[in-house]
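Construct the complete structure from the given sequences, taking the supplied hints into account.
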Amino acid sequence: MSMLPNLSPKKSSPAPSASSQGGNANKKEDTVKLLLQMWALMIGLELVHQILNVVMSFLDPTSLRAVAKEQAESQGLSDSIVNATVVVAILVMGFFNLIVVAILSWMIVMVKNRSKRLPTAFLLLTIFSIFFILRVLMLFFSSPGGTDVPMALFAIDGCVQILVGVSAGVAYALSRTEQPVKMLSEYAPDDAKR
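In the UniProt record's numbering, the protein residues as written are 1 to 194.
Incorrect hints may have been included.
Listed next, the in silico DSBU-like pairs over lysine-lysine satisfying Cα-Cα at most 30 Å (straight line) [what the hints assert, rightly or not]:
{"#": "1", "residue 1": "K116", "residue 2": "K182"}
{"#": "2", "residue 1": "K112", "residue 2": "K182"}
{"#": "3", "residue 1": "K33", "residue 2": "K116"}
{"#": "4", "residue 1": "K182", "residue 2": "K33"}
{"#": "5", "residue 1": "K112", "residue 2": "K33"}
The following label-pair restraints were derived from C-beta to C-beta distances [unchecked claim]:
{"#": "6", "residue 1": "D30", "residue 2": "V87", "range": "40 to 50 Å"}
{"#": "7", "residue 1": "A155", "residue 2": "R176", "range": "56 to 66 Å"}
{"#": "8", "residue 1": "E73", "residue 2": "I99", "range": "30 to 40 Å"}
{"#": "9", "residue 1": "D30", "residue 2": "A72", "range": "56 to 66 Å"}
{"#": "10", "residue 1": "T62", "residue 2": "I156", "range": "18 to 28 Å"}
{"#": "11", "residue 1": "R117", "residue 2": "E29", "range": "15 to 25 Å"}
{"#": "12", "residue 1": "T177", "residue 2": "S78", "range": "55 to 65 Å"}
These aren't lab readings, by the way, just hints derived from the structure by calculation. Backbone N, C-alpha and C fix where the C-beta goes; we use that ideal spot for every residue, glycine too.
Rendered as structure tokens:
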């Protein structure tokens, strides 16, 4: 009795038909398609989170204003400059976050088109999936302080972050299945295959 499965073909079994092979290939392609959809959902929800983050920063900029006011007092700047600095800081922070979202969207397109940078795009999306999973875990240990932002907005943002984490977890699980790994190995550089 052997622990390994019997790999020799049975004599009585007919050869697999072309239709069954095509159905199996479609099923495997569906895994990659679902993975891309989960990543797209993750990035779309992250965009919503970043927009909500900018809105909440505008609703209650007290922490940024306190830091800017402290530095402005040492340099003798007026309150109007402090307010302008806070607005610019919020907009720049939101702009950089949107750049990250745009890069991740571009990575999804690169994986979908199976470009020559497929391994890099796949790795970056996987790393961000892990980051979003860890961020949603940290969300349960944080609580909003005394702010002017309505609690409903915090609740909506928390729900969006949880959905980002769930879609990232599903995407990470799908990225470890057979078909995406096979897709990566097929598109690996020739020197990496040796």
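These are the hints, each one checked on the structure:
1. For the suggested pair K116 and K182, the alpha carbons sit about 15 Å apart, so the restraint of at most 30 Å is met.
2. In summary, the hint linking K112 to K182 is supported, as the alpha carbons are separated by about 14 Å, within the 30 Å threshold.
3. Under the criterion of a C-alpha separation no larger than 30 Å, the hint pairing K33 with K116 is consistent with the structure, at around 19 Å.
4. Between the alpha carbons of K182 and K33 the distance comes to roughly 14 Å, so the proposed pair stays at or under 30 Å and holds.
5. The straight-line distance between the Cα atoms of K112 and K33 is roughly 8 Å, inside the 30 Å bound, and the hint therefore holds.
6. Our hint of 40 to 50 Å for D30 and V87 holds, since their Cβ atoms are close to 47 Å apart.
7. Hint check: A155 to R176, Cβ distance near 32 Å, so the stated range 56 to 66 Å is violated.
8. The beta-carbon spacing between E73 and I99, approximately 32 Å, falls within the hinted interval of 30 to 40 Å.
9. In this structure, D30 and A72 meet the distance hint of 56 to 66 Å, their C-beta atoms being roughly 57 Å apart.
10. Distance hint check: the CB atoms of T62 and I156 are about 21 Å apart, consistent with the given range 18 to 28 Å.
11. Range check, R117 to E29: about 21 Å between beta-carbon atoms, so the 15 to 25 Å window is met.
12. The given range of 55 to 65 Å is respected by T177 and S78, whose C-beta atoms sit roughly 59 Å from each other.
Hint 7 from the earlier list is the only one contradicted by this structure; the remaining hints agree with it.
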